[in-house]
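Enquirer: With these hints in hand, go ahead and build the complete structure from the sequences.
Respectively, the protein sequence lines represent chains E, F, D and P. Position one of the first sequence corresponds to residue 0 (numbering that gives the first Met the number 0), numbered consecutively onward. Position one of the second sequence corresponds to residue 0 (numbering that gives the first Met the number 0), numbered consecutively onward. Position one of the third sequence corresponds to residue 0 (numbering that gives the first Met the number 0), numbered consecutively onward. Position one of the fourth sequence corresponds to residue 0 (numbering that gives the first Met the number 0), numbered consecutively onward.
In short, the hints are calculated from the structure, not lab data. Please read these numbers as outputs of a predicted model, since none were measured by experiment. The reader is advised that the hints may include incorrect statements.
To be verified - The calculated DSS-like cross-link candidates involving lysine-lysine, where the alpha carbons are at most 30 Å apart (straight line), are:
id, chain 1, residue 1, chain 2, residue 2
1, E, K303, P, K326
2, P, K276, E, K3
3, D, K276, F, K3
4, F, K248, E, K248
5, F, K211, F, K3
6, P, K51, D, K276
7, D, K188, P, K276
8, E, K2, E, K303
9, F, K2, F, K191
10, F, K248, F, K3
11, D, K51, D, K326
12, F, K303, F, K211
13, E, K3, E, K303
14, D, K51, F, K303
15, P, K188, E, K303
16, P, K326, P, K51
17, E, K2, P, K51
18, F, K2, D, K276
19, E, K222, E, K248
20, F, K191, F, K3
21, F, K303, D, K326
22, E, K248, E, K3
23, E, K303, E, K211
24, F, K222, F, K248
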Amino acid sequence: MAKKRMVQAINEGIAEEMARDPSIVLFGEDVEVSPIGDTRNLFERFGPARVRNTPISETVMTGMAVGAAAAGYRVICHLFYGNFIYTGFDAIANQAAKLRYMLGGQIRLPITFMAVIGGGRSVAAQHSDSMHPTLMNLGGVKVVMPGSPGDAKGLIKSSIRDDSPVFFLQAAGRGGESGEVPDGEYVIPLGKAIILRPGSNVTVVAIGSMVKPAQRACDELAKAGVSAELIDPRCVMPFDFDTVVDSVKRTGRLVIVDEARRTCSAASEIAATVTERTFGTLRAPARRVTVEDVAMPYSPILEKAVIPDHLRIMEAVRGLMQ
Amino acid sequence: MAKKRMVQAINEGIAEEMARDPSIVLFGEDVEVSPIGDTRNLFERFGPARVRNTPISETVMTGMAVGAAAAGYRVICHLFYGNFIYTGFDAIANQAAKLRYMLGGQIRLPITFMAVIGGGRSVAAQHSDSMHPTLMNLGGVKVVMPGSPGDAKGLIKSSIRDDSPVFFLQAAGRGGESGEVPDGEYVIPLGKAIILRPGSNVTVVAIGSMVKPAQRACDELAKAGVSAELIDPRCVMPFDFDTVVDSVKRTGRLVIVDEARRTCSAASEIAATVTERTFGTLRAPARRVTVEDVAMPYSPILEKAVIPDHLRIMEAVRGLMQ
Amino acid sequence: MENMRLHSSTDRQPNDAAPASEAAAPAATTELLLAMYRLMLLIRTTEERLAKVQASGALPGPVHLSVGQEAVAAGVCVHLTDRDWITSNHRGHGHFLAKSGDLPRMIAEVFGRATGVCGGKGGSMHVADVSKGILGANGIVGGGIGLGTGAAWAEQLRGDGNVAVVFFGDGAANQGVMFEALNIAALWKLPLILVCENNGFSEFSPSATVTAGEIWRRAEPFGVPGLAVDGNDVVAVWRAAGTAIARARAGAGSTLIEARTYRLRGHVEAEMTFLSKAYREDAEIEARRAHEPLMQARRKLEQAGITAATFAGIEAEVLAQVDDAFKFAEESPWPAVESAYTHMFS
Amino acid sequence: MENMRLHSSTDRQPNDAAPASEAAAPAATTELLLAMYRLMLLIRTTEERLAKVQASGALPGPVHLSVGQEAVAAGVCVHLTDRDWITSNHRGHGHFLAKSGDLPRMIAEVFGRATGVCGGKGGSMHVADVSKGILGANGIVGGGIGLGTGAAWAEQLRGDGNVAVVFFGDGAANQGVMFEALNIAALWKLPLILVCENNGFSEFSPSATVTAGEIWRRAEPFGVPGLAVDGNDVVAVWRAAGTAIARARAGAGSTLIEARTYRLRGHVEAEMTFLSKAYREDAEIEARRAHEPLMQARRKLEQAGITAATFAGIEAEVLAQVDDAFKFAEESPWPAVESAYTHMFS
Ligand SMILES: Cc1ncc(C[n+]2csc(CCOP(=O)(O)OP(=O)(O)O)c2C)c(N)n1
Ligand SMILES: Cc1ncc(C[n+]2csc(CCOP(=O)(O)OP(=O)(O)O)c2C)c(N)n1
Ligand SMILES: [Mg+2]
Ligand SMILES: [Mg+2]
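Expert: Dropping the structure here:
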């Protein structure tokens with residue numbers, strides 16, 4: 000166990016998996032020099048057959064990931080910024096999410112699509128979307144969003160081992176903090192939430208980049224005498240509703256924090272489903288703390304206003320407690 | 000006023016708008032021969048400069064729609080089946096939905112993207128998605144889903160006149176029924192729901208293709224003594240929450256019927272937001288009747304099982320009434 | 000009930016390893032030509048039956064037939080083993096059969112039955128038989144190109160000399176993905192053969208109205224060999240494909256083949272029930288019918304001494320095979336409703 | 000405070016209508032060369048200041064500079080009026096300035112201020128000035144290609160002889176959208192000029208490792224003229240662009256110009272703070288510096304008799320202009336928080 004940044008944890012997880020399983024291949028734009036750092040040294044270690052830089056051609060890349068996976072390889076397709084998922088979206092939505100189904104189960108599609116998502120660094124609208132809701136609605140892909148470096152390692156390993164297409168989405172802006180990362184074999188099952196802090200007055204579900212501000216909000220709420228239970232779902236598709244429902248049955252209140260735009264967000268889905276399952280027990284309507292239905296602005300002052308922070312989370316919790 | 004099918008109503012609406020405004024241009028694959036029928040005779044009437052067949056090149060088509068609109072034209076981009084929205088998704092999500100915002104309002108983007116969506120005709124997974132939730136989450140595009148031929152005419156006209164990108168999504172499978180269509184100028188504002196039938200026991204919100212089975216369900220429920228208020232939102236982005244909230248405050252119960260896959264669907268959004276706004280009055284949790292998180296199967300027997308019908312809607316209503 | 004098999008995964012044709020040179024272009028033996036003729040006849044007979052059944056209203060979904068284009072599927076696929084991959088488009092029955100896909104289970108799929116190759120979940124636009132290296136027909140124009148490029152990459156990694164062949168239309172040649180594939184195939188020297196079936200139409204648009212220049216030339220800027228071939232001459236297709244496939248197996252990379260043919264039936268069956276006007280002249284179809292591939296092959300075989308009795312025998316065999324397949328499909332049960340909810344994830 | 004204007008929407012250069020023939024290639028007057036030099040100097044001075052300011056930590060977001068590539072922007076844009084369109088990529092300051100975009104408001108945008116051309120909502124990757132026909136830099140590689148094709152279509156419809164120019168990189172030439180655009184531009188004879196700035200790198204990948212063949216050849220299969228030009232020679236760029244633009248204005252259609260140049264600074268400023276290893280040799284950069292465009296133009300001007308005093312005068316003017324612009328930006332207010340919620344819809 001050592002302190003590492005999230006990209007280092009991911010890098011370690013990928014390297015361990017590639018060493019373990021020779022059928023794993025990785026490709027993407029500049030994965031060799033790795034501007035993000037998560038694929039650093041993999042080229043040197045696993046060679047040019049298994050680690051390949053690609054041209055800027057997201058359309059064929061996502062199609063190739065599906066084809067190579069169907070033909071027997073375990074594929075990691077690095078798409079860099081999440082917005083480029085849109086560029087390669089045809090083969091994601093029309094092939095990756097559907098091909099096994101359309102073929103009546105004849106193939107498996109062990110693909111890990113990687114991307115960094117979200118705002119917080121003034122890279123503006125075309126590099127800052129949080130598009131996990133779009134992926135969640137596709138039905139045939141899993142969506143993983145680690146909230147800490149340790150979870151990132153355990154989740155990248157299970158994403159790679161999964162036989163279905165998995166989107167592994169790192170928070171770009173606020174995911175770089177250090178955290179404890181277990182050495183060696185450490186695998187977290189997809190679809191299992193973690194209760195980061197127990198509490199009795201309110202359940203706070205925070206996704207990906209929102210885990211950190213939610214932690215801070217819960218700390219400050221505790222000082223003010225409000226006991227919040229903080230849950231990081233870690234994987235939003237499939238979603239561990241049982242853990243959240245259990246918690247809400249105890250607390251009677253739910254706040255969901257999501258960096259996606261509000262309409263049809265993960266937050267909306269969680270609000271709808273958990274409300275359905277906890278109706279009698281909920282003491283107040285579930286609150287969603289999200290980005291409003293706007294693109295991400297460039298100016299830091301605007302970006303800060305748009306992205307939920309601990310203050311907005313605390314405000315939402317306080318609103319529920321009245 | 001005469002009885003027409005939905006495609007005829009849409010065709011009439013487009014033709015009236017093109018006659019009215021010479022800055023309107025229309026393009027898409029085979030819009031001249033018009034396999035769907037909605038663009039029939041427009042080429043003959045408005046000529047090859049304004050009505051253009053395109054190659055099968057969705058990626059550049061959606062980008063062109065944005066460029067031509069920014070450069071001063073009012074653009075109708077026909078994308079044929081809704082699943083091809085994914086093929087041209089880059090310029091939809093990264094440009095159309097964001098360019099005005101990123102440019103600080105320097106441009107307007109009067110674009111109507113047209114597509115037929117949904118299942119019901121055994122055209123299988125790659126021709127049957129209902130992807131309005133994905134579009135709703137983009138933030139910068141409006142989404143129109145007519146439930147009847149008359150509304151389709153009024154809505155296509157206002158979609159074309161709108162200065163923002165609008166997706167006009169026709170139900171492929173079950174949208175072909177006839178209905179009364181007002182002659183000439185008939186414009187329905189975007190974002191205004193219609194109460195198709197008043198009722199007092201339960202509010203049923205049905206979207207696009209789901210309006211017809213919901214109507215039937217309400218008819219049969221009425222015979223059984225259950226008074227359902229049926230609302231067709233007609234436009235899901237922006238969504239007329241006020242009308243639905245008013246209704247639910249009277250009925251105390253809400254069922255939403257949506258052909259989208261359940262997770263992060265329009266139904267989930269409506270459930271979350273309306274519940275938030277009617278919390279004390281809701282007597283039971285909002286119910287969502289949707290396609291489960293599966294692709295559309297080919298076999299008619301499977302497709303029928305997957306797509307909500309009047310029976311599933313009635314079952315949901317009855318579940319709430321207990 | 001077993002589908003005709005021209006080869007198994009072990010009996011690769013000797014000419015597969017022929018060098019990629021015009022001079023060395025081999026002549027097709029009469030035996031091979033007869034096998035290809037039989038395959039084309041199987042495709043033709045199957046699809047004409049599908050047309051009839053479609054007209055009777057017995058098929059749940061749309062069917063796109065390749066009548067007139069059979070030489071492309073046959074001439075290419077006789078070079079392939081079960082360990083090679085193909086991807087196809089919405090017009091995929093011919094490719095499926097030429098690649099040894101199971102006929103009865105294909106028909107059952109088109110009927111939407113439980114016994115279909117995809118359990119009734121895919122239908123005509125998605126017929127696939129992965130055990131035969133058929134990664135499937137595809138409903139997205141250009142969709143098979145990315146998949147095939149990925150399969151070619153997988154085979155390059157595996158290093159067994161297997162290849163991937165992508166069948167796509169002239170319309171699909173206008174999708175950007177084709178160029179992205181050509182670029183990567185050139186850079187990585189992928190064992191990828193792009194076979195563009197130019198049948199004169201992109202849906203209802205004549206090719207020339209939507210496709211600038213000549214398709215085979217589109218490979219040149221990438222340094223990938225491109226060539227056009229008479230797609231109605233099964234021997235010409237076989238020869239061009241043989242060269243390209245041998246080249247790919249030898250690690251020398253990709254080829255783009257434009258096979259020029261003609262779609263004798265509609266884009267989709269029953270299209271004139273929903274189109275407001277014709278998009279081509281009947282006379283054009285009639286003129287093109289004179290060049291259709293089966294007749295041409297038959298003429299060559301007659302010249303090589305194949306007798307009317309032999310042809311009659313083949314026809315009877317094929318007919319029986321097709322009869323059996325349709326009978327199998329029609330008698331097959333519908334899928335269980337629960338199967339709609341499986342196979343989204345592994 | 001007004002930005003330098005080489006032209007207004009009414010004073011189109013006479014050579015714009017020159018016929019598209021090599022023989023007729025006009026010589027650049029000293030006056031024109033001087034104007035282009037000044038423009039390049041403005042771009043260079045602006046961007047080197049941006050680099051300095053970036054290093055000081057005063058810029059909120061990333062900046063991609065075009066130092067060494069200024070001749071492309073200048074040589075193309077002097078042919079254009081405010082009624083012509085350009086689209087650009089992430090490396091767009093030079094195109095913006097060459098197309099008469101407002102310098103102070105561009106800098107204010109990069110600083111994220113309320114006075115920015117986009118109100119601080121776009122930043123460096125989205126600088127746009129629609130009143131000058133600048134449809135914007137773009138953060139999506141290849142994103143400007145579709146937009147420019149659409150703008151070209153609009154100008155064809157308008158029929159005033161205006162054109163659209165798309166500036167994009169060698170990396171973007173591997174996006175399928177470029178081919179889709181070439182196909183449509185060829186079929187529709189669009190007044191679209193595709194200017195590929197080949198600066199040797201696609202992000203951190205040397206072009207040859209990700210781009211097969213020569214980019215200018217990629218237009219040929221569509222029947223669109225393609226040519227390569229020394230992108231560091233502003234006169235050569237000016238001449239090639241003049242021919243292409245005149246051709247487009249005359250209704251004769253599209254051209255692809257590959258301008259070969261070299262990126263002297265990083266892909267993005269401060270890149271070595273996050274890259275684990277170098278992706279090119281310093282010696283390579285030094286060797287290329289000897290061919291950078293400003294020095295080349297200056298040498299020509301010196302030969303034509305322009306004196307050191309004149310150069311010094313221009314330098315002082317440009318410096319003052321840049322100083323003013325940065326001062327304007329730094330003193331500008333931050334945007335009001337409410338502005339984050341406007342402009343999603345019209
Ligand atoms: C991405 C996409 N766009 C449009 C369509 C609709 N469509 C189906 S087949 C077809 C024409 C295909 O033409 P071509 O590639 O030449 O194949 P052919 O039908 O001639 O065999 C079109 C436009 C589609 N299926 N997918
Ligand atoms: C669709 C998309 N994919 C990837 C990126 C990341 N990216 C930004 S710039 C760049 C390289 C672009 O190279 P080129 O087109 O040659 O332009 P240059 O940077 O050399 O000016 C890449 C890969 C992006 N912005 N958009
Ligand atoms: Mg065709
Ligand atoms: Mg470059």
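Enquirer: If a hint holds in the structure, say so; if it does not, say that too.
Expert: Checked hints:
no.: 1; hint: E:K303 to P:K326; in the structure: 25 Å, holds
no.: 2; hint: P:K276 to E:K3; in the structure: 20 Å, holds
no.: 3; hint: D:K276 to F:K3; in the structure: 20 Å, holds
no.: 4; hint: F:K248 to E:K248; in the structure: 25 Å, holds
no.: 5; hint: F:K211 to F:K3; in the structure: 16 Å, holds
no.: 6; hint: P:K51 to D:K276; in the structure: 65 Å, violated
no.: 7; hint: D:K188 to P:K276; in the structure: 27 Å, holds
no.: 8; hint: E:K2 to E:K303; in the structure: 28 Å, holds
no.: 9; hint: F:K2 to F:K191; in the structure: 23 Å, holds
no.: 10; hint: F:K248 to F:K3; in the structure: 36 Å, violated
no.: 11; hint: D:K51 to D:K326; in the structure: 14 Å, holds
no.: 12; hint: F:K303 to F:K211; in the structure: 15 Å, holds
no.: 13; hint: E:K3 to E:K303; in the structure: 26 Å, holds
no.: 14; hint: D:K51 to F:K303; in the structure: 25 Å, holds
no.: 15; hint: P:K188 to E:K303; in the structure: 46 Å, violated
no.: 16; hint: P:K326 to P:K51; in the structure: 14 Å, holds
no.: 17; hint: E:K2 to P:K51; in the structure: 34 Å, violated
no.: 18; hint: F:K2 to D:K276; in the structure: 23 Å, holds
no.: 19; hint: E:K222 to E:K248; in the structure: 24 Å, holds
no.: 20; hint: F:K191 to F:K3; in the structure: 23 Å, holds
no.: 21; hint: F:K303 to D:K326; in the structure: 25 Å, holds
no.: 22; hint: E:K248 to E:K3; in the structure: 36 Å, violated
no.: 23; hint: E:K303 to E:K211; in the structure: 15 Å, holds
no.: 24; hint: F:K222 to F:K248; in the structure: 24 Å, holds
When the structure is compared with the earlier hints, violations turn up for hints 6, 10, 15, 17 and 22 and for no others.
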